[in-house]
Amino acid sequence: MLLKNLAPPLARTLLRLYYVLLPYVAYQPEVSDYFDKQYDYIVVGGGSAGSVLASRLSEDSCVKVLLLEAGGHVDPVSEIPVAAFLTQLTDNDWQFLSTPQKRAGGGYPNRYRLAMAFRVSIREATYEHRRELCNHYTDILVTPFKASSP
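Here the sequence shown stands for residues 860 to 1009, where the numbers follow my numbering.
Calculated from the structure, these hints are not laboratory results.
Fair warning: there could be bad hints in the mix.
EDC-like, lysine to aspartate or glutamate: derived pairs with alpha carbons at most 20 Å apart [stated by the list, open to error]:
{"#": "1", "residue 1": "K923", "residue 2": "D899"}
{"#": "2", "residue 1": "K896", "residue 2": "D934"}
{"#": "3", "residue 1": "K923", "residue 2": "D892"}
{"#": "4", "residue 1": "K923", "residue 2": "D952"}
Whenever a hint applies, use it, and build me the whole structure from the sequences.
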């Protein structure tokens, strides 16, 4: 009986893991330790702007483009929200420290702050309480008028 009740959630979890990890198994970007001696363009930073710029520049087959980005291959574990703690103190963690801020973490109503420490997913908590979080403009927004025909 236990196996019968456990099988559907386990199957869903394994299927979700498969779809999260599939892109990393099927496609790994080309990362090289060897470089040519000459490039037409060198783009530093593989963020959204750097990647788009390098992509656009490389559309011309006569141009050699080098895109430099810090780090190595992405660890698939970093894409699983519940496993994010496993990336701490590894190569995926830049270990930047911030100055403690007196009023940080005040975005949720008081009764939810403590509960957030025990939740699996912040996204789940946000969706669960979206009415409290998102309806604060209803008193100032103008209700749109419906067009009516005579």
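To see whether the hints hold, each was checked on the structure:
1. K923 <-> D899: Holds. K923 to D899 sits at ~5 Å (cutoff 20 Å).
2. K896 <-> D934: violated (30 Å)
3. K923 <-> D892: Distance of about 17 Å is within 20 Å: holds.
4. K923 <-> D952: violated (31 Å)
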